[in-house]
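There are 2 protein chains.
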Amino acid sequence: MAKQALVMGIDVGGQSTKLGVVDARGNILYQSVISSLQRELSTYVDDLTTAIKDLIKKAENDGEVKGIGIGAPNGNYYKGTIEFAPNLKWAYDENDKPMVIFFAKMIKDIVGIPVAITNDANAAAVGEMTYGIAKGMKDFIMITLGTGVGSGIVIGGNIVYGHDGFAGELGHTIIVRGGRQCNCGRKGCLETYTSATGVARTAREFLAERKDKSLLRSLDPEKITSKDIYDAATKGDKLAIEIFHYTGRIMGEAFANFVAFSAPEAIILFGGLARSKEFLTESILDAMNENLLDVWKGKIRLLYSTLKDSDAAILGASALAWEL
Amino acid sequence: MAKQALVMGIDVGGQSTKLGVVDARGNILYQSVISSLQRELSTYVDDLTTAIKDLIKKAENDGEVKGIGIGAPNGNYYKGTIEFAPNLKWAYDENDKPMVIFFAKMIKDIVGIPVAITNDANAAAVGEMTYGIAKGMKDFIMITLGTGVGSGIVIGGNIVYGHDGFAGELGHTIIVRGGRQCNCGRKGCLETYTSATGVARTAREFLAERKDKSLLRSLDPEKITSKDIYDAATKGDKLAIEIFHYTGRIMGEAFANFVAFSAPEAIILFGGLARSKEFLTESILDAMNENLLDVWKGKIRLLYSTLKDSDAAILGASALAWEL
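Residue numbers (this note's numbering), protein chains in the order written: chain R, 1 to 324; chain Z, 1 to 324.
You may find that some hints are simply not true.
Put simply, identical chains are the same to the list, so a pair is met inside one copy or across any two.
[Claimed, not checked] Straight line, CA to CA, 30 Å or less: simulated DSS-like cross-link-like pairs of lysine-lysine:
(1) K58 - K223
(2) K97 - K299
(3) K3 - K66
(4) K89 - K297
(5) K3 - K57
(6) K138 - K235
(7) K105 - K299
(8) K297 - K79
(9) K79 - K138
(10) K297 - K105
(11) K299 - K79
(12) K187 - K277
(13) K97 - K235
(14) K108 - K89
(15) K227 - K105
(16) K89 - K299
(17) K297 - K97
(18) K227 - K187
(19) K235 - K277
(20) K211 - K135
(21) K299 - K277
(22) K97 - K238
(23) K105 - K79
(24) K79 - K135
Derived by calculation from the structure, the hints in this document are not laboratory data.
In isolation and in its complexed conformation, chain R is listed as follows (with noise of 0.2 Å):
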């Protein structure tokens, strides 16, 4: 009997990298992390193929890997490269200048098979529509809410990857003219409201610009959390509700400038904040049709991913390697 054939899926994240062997039907068979927190890119790579390998091993009895797709920060899909990178620190030379790995082409010559890579959250569409809520629909738009924010655009079937490789970045679409200050150097970028640390951020303006009651208040605000904001509304704090509803609101009028371009059946949330859809749904979909044109109001789907957090980066990565 032909083994059955299998892929691998790798996170790339800031702190550790994960590896997954998946089957044709989503399942994870087996696991393994590793730190991504090596200064230099040599010491990584050994880490990263070891791992690999090992986990090739693992699944012999399984089947055979016929492929890995690799989901990483500034991961082109086309020069199949990681640059800009700025979570990476071995991403960088000794100068802390940034470097463009061929990252694909150097892991496919150390371990034999084939390797794609794109960024996180193209990773994340591409797994969703291959193992989650979007399987079958041709047209939509993941948006990766986590402590940045993150886009995966699908039309017809296909991730849009643009003429450079690097199509896709709707948390960098500015939504508030001379707005919040972004990491990127812009101001008013859709992550600056809409993140985690964006959530924390409009926590932290209106404790300030406010009196009202809230439990948000014994905090060090500072070191507020979405997380903190989340508690507190499930136990009614109203300002906490209210802004969850703020930040509803934003995505709402940036997605519907999103459905302007590509007319999707639907914007789906993963990540984080995702979580917290509860007190937030309502306020999307309010602006989001307010801010519509005629022909799309009430027509367009809000979804949430149906993939498990822990398992979602490895197998949208892993989505990739099928293509191969």
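With chain R held as given, fit chain Z onto it using these hints.
Same frame as chain R, now just chain Z:
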């Protein structure tokens, strides 16, 4: 000898409908015009199909018209419909309710050759890709600057129609939150700033708010056109030049957001206002590059359509028909 293949392009405008027979090199061999002001759909369709048949007969000795492409307000490529087209009286029933008109099928059934329809801006993008400056380009965004602002988005060599056929309404992305009232019922749409009427509106605002001398002060503010402003600018009128700079900066900011979506090779401008490029280009590029992520700064080309304005609408629509 086999007859050469020809196509027909039809540009449905609010005032008139232009028809042309086009060869594979983009030469318009024959053309004609009919009115678009008929109140009744049946009258308009009669007039149009008569004109189509006449033109096909005229071209008989040159070749065979194998398909018809139509560019029309809110033309929907998937459904072959015209719907919600406020400038077309015959698109509304006797109670002035908008009808959903299966226009492509209607024309095809009468003249007996395949018909495709899309909106005017998508037609312009296809025309530019087939005959114009976008020849060979796979990823670009066409922005049409007329009475309104339209867009045709090309990704991987294909027009983006979206889930429902209505994608690419970039004139109605909101660029200034709570900004100028738009005809679509919302506020702050790109169109309210960068259409010909938007520029005239900027002129009225500038003239009312400021005291500087200007050639424009001799005109009735309510009747100022973008042409008047262009004429003043060419005479060195500072206020007129500033109006274009203001307009260009808004465009550049908007374009930066569009780039974050699809990472195109170029943005291509088309339409009346694009003729003022000498006063627009620098401001557009400055504002675009200020608002782009580092990875795109200085890399996105700003181009102007190379198709003659009078021919472009027919050529654009005709280009659709080559794919039938």
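These are the hints, each one checked on the structure:
1. K58 - K223: neither (42 Å within a copy, 77 Å between copies)
2. K97 - K299: For K97 and K299, only the inter-copy Cα distance (21 Å) is at most 30 Å; the intra-copy one is 46 Å.
3. K3 - K66: Classified as within: same-chain Cα gap 11 Å, cross-chain 52 Å, threshold 30 Å.
4. K89 - K297: So K89 and K297 pass the 30 Å test across copies only (24 Å; inside, 45 Å).
5. K3 - K57: Within. Shortest intra-copy distance 14 Å satisfies the 30 Å Cα cut-off; inter-copy 64 Å does not.
6. K138 - K235: Neither, since 39 Å and 52 Å both go past 30 Å.
7. K105 - K299: Answer is between: at 26 Å across copies they meet the 30 Å cutoff, but 43 Å inside does not.
8. K297 - K79: between (39 Å within a copy, 19 Å between copies)
9. K79 - K138: both (25 Å within a copy, 17 Å between copies)
10. K297 - K105: between (45 Å within a copy, 27 Å between copies)
11. K299 - K79: between (37 Å within a copy, 17 Å between copies)
12. K187 - K277: both (26 Å within a copy, 27 Å between copies)
13. K97 - K235: Neither. Shortest intra-copy (47 Å) and inter-copy (49 Å) distances fail the 30 Å Cα cut-off.
14. K108 - K89: Result: close within a single copy only, 22 Å intra versus 62 Å inter.
15. K227 - K105: Answer is neither; intra-copy 39 Å and inter-copy 55 Å both fail.
16. K89 - K299: between (44 Å within a copy, 27 Å between copies)
17. K297 - K97: Cα proximity of K297 and K97: across copies only (18 Å, versus 47 Å in one copy).
18. K227 - K187: Close inside one copy (25 Å), not across copies (34 Å); limit 30 Å.
19. K235 - K277: Classified as within; 15 Å inside a copy, 57 Å across copies.
20. K211 - K135: neither (47 Å within a copy, 60 Å between copies)
21. K299 - K277: Classified as within: same-chain Cα gap 19 Å, cross-chain 38 Å, threshold 30 Å.
22. K97 - K238: neither (46 Å within a copy, 44 Å between copies)
23. K105 - K79: Intra 9 Å, inter 44 Å, cutoff 30 Å: intra-copy only.
24. K79 - K135: Both. Shortest intra-copy (27 Å) and inter-copy (24 Å) distances satisfy the 30 Å Cα cut-off.
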